[in-house]
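Fit chain to chain and form the complex, with the hints in mind.
Residue numbers (my numbering), protein chains in the order written: chain L, 1 to 439; chain B, 1001 to 1444.
Source of the hints: derived by calculation from the structure; they are not laboratory data.
Check the hints yourself; a few may be wrong.
[To be verified] The calculated lysine-lysine pairs, modelled on BS3-like cross-linking and capped at a C-alpha distance of 25 Å, are:
1. L:364 <-> B:1160
2. B:1214 <-> B:1077
3. L:126 <-> B:1123
4. L:123 <-> B:1126
5. B:1126 <-> L:126
6. B:1130 <-> B:1077
[Unchecked claim] Each pair of labels, with its calculated beta carbon distance range:
7. B:1153 <-> L:433: 37 to 47 Å
8. B:1159 <-> L:427: 29 to 39 Å
9. L:67 <-> B:1070: 49 to 59 Å
Since this is a predicted model, take the numbers as computed values, not measurements.
Note that beta-carbon positions come from the ideal geometry of N, C-alpha and C, so glycine has one too.
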Amino acid sequence: MILHEKISAQLPAWRERIKALGKDHAEVVVDEVTVGQIVGGMRDIKSLLTDVSYVDSGEGIRLRGMTIPEILKKLPKARGGKMPLVGGLYYLLMVGEIPTKEEALEVENEWDKRADIPDYVYKMLKDMPKDTHPMILLTQAVMSLGVNSSFARKYKEGMKKDAYWEPALEDSLDLTAKLPVIAAFIYRYKYFGEKKKPRYNAKLDYGANFARMMKVADKKAYSDLSRLYFIMHSDHESGNVSAHATHLVGSSLADIFFAFSAGLAGLAGPLHGLANQECLAWYQDVLKRFNGVPTRDDLYKFAWDTLNSGKVIPGYGHAVLRVPDPRFTAFMAFGRANFPDDELVRLADMVFDVVPTVLKEQGKAKNPSPNFDAASGVLQYHYGVRDYEFYTVLFGIGRALGVTANYVWARALGQPLERPKSVTTKMLEEAVDKAKQPA
Amino acid sequence: MILHEKISEQLPQWRERIRTLAREHAEVVVDTVTIGEVVGGMRDTKSLLTDVSFVDPAHGILFRGMTIPETLKKLPKARGGKMPLVGGLYYLLMVGEVPTKEQAQAVEAEWADRAELPDHVFKMLKAMPKDTHPMTLLSQAVLALQHDSVFAKKYHNMKKEAYWEAALEDSLNLTAKLPLIATYIYRMKYFDETKKPKYNLKQDYGANFARMMKVLHKKEYAELMRLYFIIHSDHESGNASAHATHLVGSTLSDVYYAFSSGLNALAGPLHGLANQESLAWLLDVHKRFGGVPSRDDLHKFAWDTLNSGHVIPGYGHGVLRVIDPRFVTQMEFAKKRFPNDELLRLADMVLDVVPAVLKEQGKAKNPAPNVDAISGTLQYYYGVREFDFYTVLFGVGRALGVTANYVWARALGQPIERPKSMTTKMLEDAVADAVAKAGQPQPA
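Pulled out of the complex, with its shape left as it was, chain B reads as follows (with noise of 0.2 Å):
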């Protein structure tokens, strides 16, 4: 297997750094944490490790050091599409490398060869309740599917060194189902549906996925979601998703459990329910004004959400300074392909008319746009209008980076997370001991 192989080669000199790190330079101090912070949730400590993507605040997201155009650009694209292969994608998050066309087929075939579902799986999903949130079903599917885990399987005969091998074998299988997991949810739930979905072969990641959710534009569907699933991958590693996904993986826990953690935490309205809330603003708009306003209009709309105490969903980021990368490419894209869509021209007048609303009240750091202004508007377009299954996409997609981490994590022998908590009290008594100091004279 390709991916075993890549990795294989790399682990020495990287198990190599981290040993370093750990035995000759524990001591450096690389951060301060502040009772801001602490009361923050944690909130910017510098405290977890990845290599696999950072979030540069000039340039967004990058993939193992590759910005988001980079990235479509330079990976093989699927054919009869302009869009990267996902499977070359997953080569670029596990590997660090940019896969030749064969390369990133390598992979596609893989997930062509486990993508079957076991029986018991489709009927403990028709056993739930009809109106049960999609992603309870997706996250107890992915339980389901732990019955096979050759990890939990192989872990108590399996050297240290070897957990990573399991953990990719489990990961490869887990990334290989999801699509057929969440396009089952899909026409089972809101189209009855009980047919078995089946996984094509001759067909890529995308395509595959477009078939199945028998949506109309089976092909321009196909190339949306190759977009969507690289670009909602990986978010280094901060995020509850993926942090939810390693703390659990920390306790050598099989990626089954741990990947079903992260889909709770994707499930928080705080994480994945923006893209939601952004699409029901632009509808609303849309609705009041019987299509697309006007400027003058809109701008006053946006006053006054901004007066009543809301936000304007999907505006404001807290770590980028630019227009995330995310948006620009889901905005060209539907650019390219719809640009009279009514939902698609207010959106890129939100874009011109908002930022500027946000900097006249000065509130926002930044007053762009995030991911979740524009994902919304495009599956809204190729009839995907069930808003609760958006963050099923997004699962699907997450599923690629946490998975990388996830086998990385076990590769160099990462240790199950374990920070300290302190009480409210014990906080008080560090603002006393500083107020204490302040007084005391300094020192000559």
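This is chain L alone, in the form it adopts within the complex (with noise of 0.2 Å):
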């Protein structure tokens, strides 16, 4: 397997570096801890390892040190498609280097190889009460999935350590190679009371099977639409929740069932998963009021008039970002390149114009710009995806790549378990009252 053999190669080098830091620089500090950032949730303290992504703030999301432009131009593209293929992009997660069209088309093999679902799982799905949310059904489909993983199997017969990687790798590629086969199956049945089982076609990619298996009306255009999706999703750094939670759960040796169960439990959040229906919701909701695209007046009033009634513009302002999320770009493009006369792609272009003039006016935001949420729901909602719970399946499934590109990575270079230390209150006042006194 291509990838098995790539991070072999590299994994004696980079072991060589973790071990040097962690033996000979342990006491470099590098970062201070607040009261602020304790009470504020971990806020920004230093304190994950992750060479996968990095979130800049000048410019946004760098997966293995590339941009987005970059990223979409240089990863190989499915065949009769503009957008690269997802295989290509777990390859440059996994590995740390752009595929050949080779390389990229044997991960897109692998994920053919491992498509199937046993058949408890659809069992299970369908003992569940028809109005469970997707969320739920999502998780507990991976979840059952651990009943076949390798690495709780090997670490059972008493694997090495240093092997642990392998069988995460292995579960890795069949946990991502079933997520699209699912989730497709999740939303004919919970939205069309279809039972029958999705078939993955080996002579598709990722991309072009998830559109097929979802039954989508334009099916070329959906298979690039999710192309873009799940790479633009895939990864965020370690920080936010969904890649945490499945990093923590991981570092207690569990296996990525278990661990993306968590990461998914994060995402289904309302503050983490909710935020591209809420965009979606609002825009709705501006062009139900204005009966279509309002005039670019219009919008200015009723952005502030949003803002007055004490609403945020859902979408809008990112705690990190101070540039447009490179991954709105992205997504605006798409949606100007294959439908720019559709109502919601003018919308949410004119709200890209407007918006943030409003939010500097009001002074409020640290950056008005857009984050991605405000145009994903767009794209989703022009093919016919209108199930808004939905969205955050579709989420899950591209935040699985980076997750368990990370995953594989912590095991490979003996990450521990994670643990924190906690503080009661009374310890931060002490602190405060010990800061207080004079030197």
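Listed below in structure tokens is the structure:
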């Protein structure tokens, strides 16, 4: 397996670097922790380690050091599409290098071979009440796949620590291969009452398979969107809750099925995975109120009304970025290229033009630019995927790519059990008192 | 509901304290982060906030400031038993005060009211393959309960100040249902029984658990499980099950999502497997010597274990400088009730011999045993001998602490957890910086 070979080849050098840091430089201070950061939820405490991606506040996410435009340009493209093969992105995240087309196709091939879902998964999903949230179904399905975890089996058999990453990679390939099938089943089952098991077509890539199993009308265009969508959602360094929860649970040497279930449970939280739905709802609200795309002036006024009523404009204002999220830019470019006359795209464009100005005038937001949630729902909606609560499931499929790459590398580099320290309110108050005393 | 009233009363003050810290003292530095801590998995970085429990190196875990012996002494006891009502412990964790007997029973009554499982939970569990790990089943069942989450249902029409109330409702429902789920899994998986267990309103949490498990000595096992659930309930916030529950909950996921994540962490061998490994080691010794060995034989065997590169599971503690009081209480429990049990005698001898061996070896910071060195022995004695089920028992207990934390996190408006990650290169750059600085002449 190509990913196995490529990671093997790099491992000694990486292990040496981590060892040197842990052994020779453990005492070097990289950050301070303040009361504000603890009360603020570990806010920005430099405390996690990953080489898969990094968010720079001035330019947005870099995956393995590459910007979003670079990635979209350099990764090998799907046949008949303009967007990269998802398999190529997975190669990039896992290996740290841009794959050739053959290498990307090899990952796609691995997915083909592993895309079958055991029958009990379907049965278990069908035994849940009809109105169960799709994120619960997805999480339960992922957990149920743990029955066949290579990692759990080999751990029991007493595998050596150095070998942990190998079954971790096996499990990760199995998991990512099966996710589109599970998600598409949940979609067709929940919203259309279909119980037929979707089948992965070995001749199609990840994105095209997903589009076909979702049974959207414009399969070709939706294939390209799915490729873009999964790539954009794949990773966002390690501090976001879905990535962190996967890492935290994985650090106890739980298998990836347990670990990623926790990541999905984090994603299901409104503060994490709901923003794209809220954005779309706000757009719909605008369209309804103005009976179509409003004038610039009307929108300007409506945005102020939203703010004045104590609400936020969802999708705008980013805690970290000081520029428009490049993932937003890529989504909007996709929308403009493929359906420029769509009302929602025109509106989203106008909002992008108007709202940052309004937010600047209001003066509250650190960065008034949009994040990717301000565009992703618009694209799904256009292709007929209009069940809002399902959007988090789509996010989850994409996010699996990044967190599994991190999981494999965490095992490969022997990252230990995560174990921060907690303090009590009283201790913080005592620290404050101490700080107040004259030196 | 008593917990609701009691928390309500305290809230204004707590909110004020947290607000003051955040608004007026945000810049006060309480810790530094070193490369060793980052590479070591956030190791001991002061970064989480909880008032429910704290691990004191000199006394072990403190629940709301109280040691384990104090907790066991002061909490109201179950009828006909010497161990406290689990409902009283939940009151203590949630409210921060020792309840009266009536208050503890009010919590027990809440549980009895809520201890029913929807049919789809049983159906879903039965759909899973026979060899599914019981922790997978437990975690899936918890997710299945999400269907009726009060928090999720109310989220879109609820003010931030009210989050904790729905969180408390969910937490009571979850903790009420866990004994039913766990015992159903136990009887289904190991005894092929698919009859739904029934919670008896006249019995407390521990007695119900013992009865539904269908162990032989129900009365004694009820006592053991009261003790067991209480001592496993909480261990401040940095352990992986508590942290995962908190982390996922911080996105405003309901407690079913959050606790399911906590269970997943507990399922990891580094977190929840130690009690099984300890017991396996004891049984191994017992088998090898055809019974309890002599002190000398054990001394030699312990050295053999260490020399072959293995550790002696359950011994050595990263934080404590004393014997884990959770070990001590279980040991006392066993000695009172079955002093002649061979495994217990062996465990006692291990306590006598192994710390000395570890000291001779000189590697362990604290050679004393932790809770895992004994809990399996007690379960084994009462006939619960399916090792992979022990983590489920741990999970039922752990729910008490993490749900108390979840409720308070919502009550105090704890925000989404969002630490920052670095790359290896950045750490290396920090080293280069530090080296360069060290090379510069010091300012006079």
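Against the structure, the hints come out as follows:
For the hint pairing residue 364 of chain L with residue 1160 of chain B, the CA-to-CA distance comes to about 20 Å; that is within 25 Å, so the pair holds. For a cut-off of 25 Å, the pair hint linking residue 1214 of chain B to residue 1077 of chain B stands: about 23 Å separates their Cα positions. Proposed proximity of residue 126 of chain L and residue 1123 of chain B is supported: the alpha carbons are some 10 Å apart, at most 25 Å. With a C-alpha separation of about 10 Å, the suggested pairing of residue 123 of chain L with residue 1126 of chain B holds against the 25 Å cut-off.
Between the alpha carbons of residue 1126 of chain B and residue 126 of chain L the distance comes to roughly 12 Å, so the proposed pair stays at or under 25 Å and holds. The suggested pairing of residue 1130 of chain B with residue 1077 of chain B is violated, with an alpha-carbon distance near 39 Å, which exceeds 25 Å. Distance hint check: the CB atoms of residue 1153 of chain B and residue 433 of chain L are about 43 Å apart, consistent with the given range 37 to 47 Å. For residue 1159 of chain B and residue 427 of chain L, the hinted distance range of 29 to 39 Å is satisfied, since their beta carbons lie about 30 Å from each other.
For residue 67 of chain L and residue 1070 of chain B, the Cβ-Cβ distance of about 58 Å falls inside the hinted range of 49 to 59 Å, so the restraint holds.
Consistency note: the structure conflicts with earlier hint 6 alone.
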